[in-house]
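Asker: As a plain string of letters, each chain reads:
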Amino acid sequence: MDTLETTAPPADATVGATVDARGLSCPMPIVKTAQAIKTVASGALVEVLATDPGSTKDFTAWCRSTGNELVEQSADGAVYRFVIRRK
Amino acid sequence: MTILADRPAGTQPLDAIADAIAAAQPKPAAAPEDEVKNRDLVLIWYSGDLEKSWASLILATTAAASGVNTKVFITFWGLQAFVKDSKRITGETWMQKMLSFMQRPGMSHRKLSKMNFLGMGPWMMGVLAKKYGVAKPPELLEAAQALGVEFMPCQMTMDMFGLKREDMIDGLSEPVGAATVIDLLNNGAASLFI
Numbered sequence: 556m557d558t559l560e561t562t563a564p565p566a567d568a569t570v571g572a573t574v575d576a577r578g579l580s581c582p583m584p585i586v587k588t589a590q591a592i593k594t595v596a597s598g599a600l601v602e603v604l605a606t607d608p609g610s611t612k613d614f615t616a617w618c619r620s621t622g623n624e625l626v627e628q629s630a631d632g633a634v635y636r637f638v639i640r641r642k
Numbered sequence: 113m114t115i116l117a118d119r120p121a122g123t124q125p126l127d128a129i130a131d132a133i134a135a136a137q138p139k140p141a142a143a144p145e146d147e148v149k150n151r152d153l154v155l156i157w158y159s160g161d162l163e164k165s166w167a168s169l170i171l172a173t174t175a176a177a178s179g180v181n182t183k184v185f186i187t188f189w190g191l192q193a194f195v196k197d198s199k200r201i202t203g204e205t206w207m208q209k210m211l212s213f214m215q216r217p218g219m220s221h222r223k224l225s226k227m228n229f230l231g232m233g234p235w236m237m238g239v240l241a242k243k244y245g246v247a248k249p250p251e252l253l254e255a256a257q258a259l260g261v262e263f264m265p266c267q268m269t270m271d272m273f274g275l276k277r278e279d280m281i282d283g284l285s286e287p288v289g290a291a292t293v294i295d296l297l298n299n300g301a302a303s304l305f306i
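These protein sequence lines are chains U and S, in that order.
When the count follows my numbering, it moves up by one through the first sequence with no breaks and lands on 642 for the last residue.
When the count follows my numbering, it moves up by one through the second sequence with no breaks and lands on 306 for the last residue.
Note that these hints are calculated values from the structure, not bench results.
Glycine is no exception: its CB is placed at the ideal position from the N, C-alpha and C atoms.
Incorrect hints may appear among the rest.
What the hints assert, rightly or not - As a list, the in silico PhoX-like pairs of lysine-lysine whose alpha-carbon atoms are at most 25 Å apart:
hint : chain 1 : residue 1 : chain 2 : residue 2
1    : U       : K593      : S       : K248
2    : S       : K149      : U       : K593
3    : S       : K149      : U       : K612
4    : S       : K199      : U       : K612
5    : U       : K587      : S       : K209
6    : U       : K587      : S       : K243
7    : S       : K242      : U       : K587
Said to hold, decoys possible - Stretch by stretch, here's where chain S covers chain U in the computed footprint (C-beta under 8 Å, at least three residues):
hint : stretch
8    : 583 to 589
9    : 634 to 640
Construct all of the structure, not just a fragment, from the sequences and the given hints.
Answerer: This is the structure we're talking about:
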């Protein structure tokens, strides 16, 4: 796995939901993540899998807009993985 | 007050005065931590063209998904996109009926402003969208409504086109006028005209 930037998630927070946005284009990965993050508690993690190359910039921007924290961002071949902590 | 703090010892009287001045100053309201303040967004949906409707929906859904309070003012040709897909002819007078006859209403029946080629263009766009995982306007509209985007139809255009509330899709807010949009802008909302 080609890790771009990694911050180990805290031990107490677990991945509460996974969004499989593989194969989807803008804006659906963001839309689905926005809906999924509402299902987890504050501080919990949401994992997103996406293949849209624009999503690397978009999730950074989205986290800035929403105040959620992008704790991990990595790429495995053509699949991008984001781990976001709900604020 | 870093300058005062850096002064060498022995300047206590000055510091005491500075502290007193600082204490007398009204303190700025401390922003709550992690509080993100986004501007509201007003999107003026003017066009009924497929490509512009698509752009409006992408921006509106993304804004709402980003925590932006998003309102869409639907006016002129844009209103035809918000007529129920099942409606074919709308309006009371022959002129109003002619408008809907010439341009089939509904989000699923948008035409491209160029290269429409009697529906061949939109069909090809649909094929490409499917191939590249792009959500089509009806799906985006559903997402926008689920995310809480407020769609406000223009009262004046509804009257002029003879559109009734029951012609329109469910979930729209009460029809409003330009003053509502201007009021939102006056209150600092960002705007898009599409």
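Asker: Now tell me if each hint is right for this structure.
Answerer: Tested hints:
1. About 24 Å separates the Cα atoms of K593(U) and K248(S), which keeps this hinted pair within 25 Å; it holds.
2. Taking the CA atoms of K149(S) and K593(U), the gap is near 18 Å; set against the 25 Å cutoff, the hint holds.
3. With a C-alpha separation of about 21 Å, the suggested pairing of K149(S) with K612(U) holds against the 25 Å cut-off.
4. Between K199(S) and K612(U), the direct Cα distance comes to roughly 41 Å. Violation of the 25 Å bound is thereby established for this hinted pair.
5. About 39 Å separates the Cα atoms of K587(U) and K209(S), which puts this hinted pair outside 25 Å; it is violated.
6. Taking the CA atoms of K587(U) and K243(S), the gap is about 19 Å. The hint holds against a cut of 25 Å.
7. Using a Cα cut-off of 25 Å, the hinted pair K242(S) and K587(U) holds, with the two alpha carbons roughly 17 Å apart.
8. Taking a C-beta to C-beta cut-off of 8 Å, the stretch 583 to 589 of chain U contributes 5 residues in contact with chain S, enough for the three needed, and the coverage statement holds.
9. As drawn, the stretch 634 to 640 of chain U meets chain S at 0 residues by the rule of a beta-carbon pair under 8 Å; below three, the given contact is violated.
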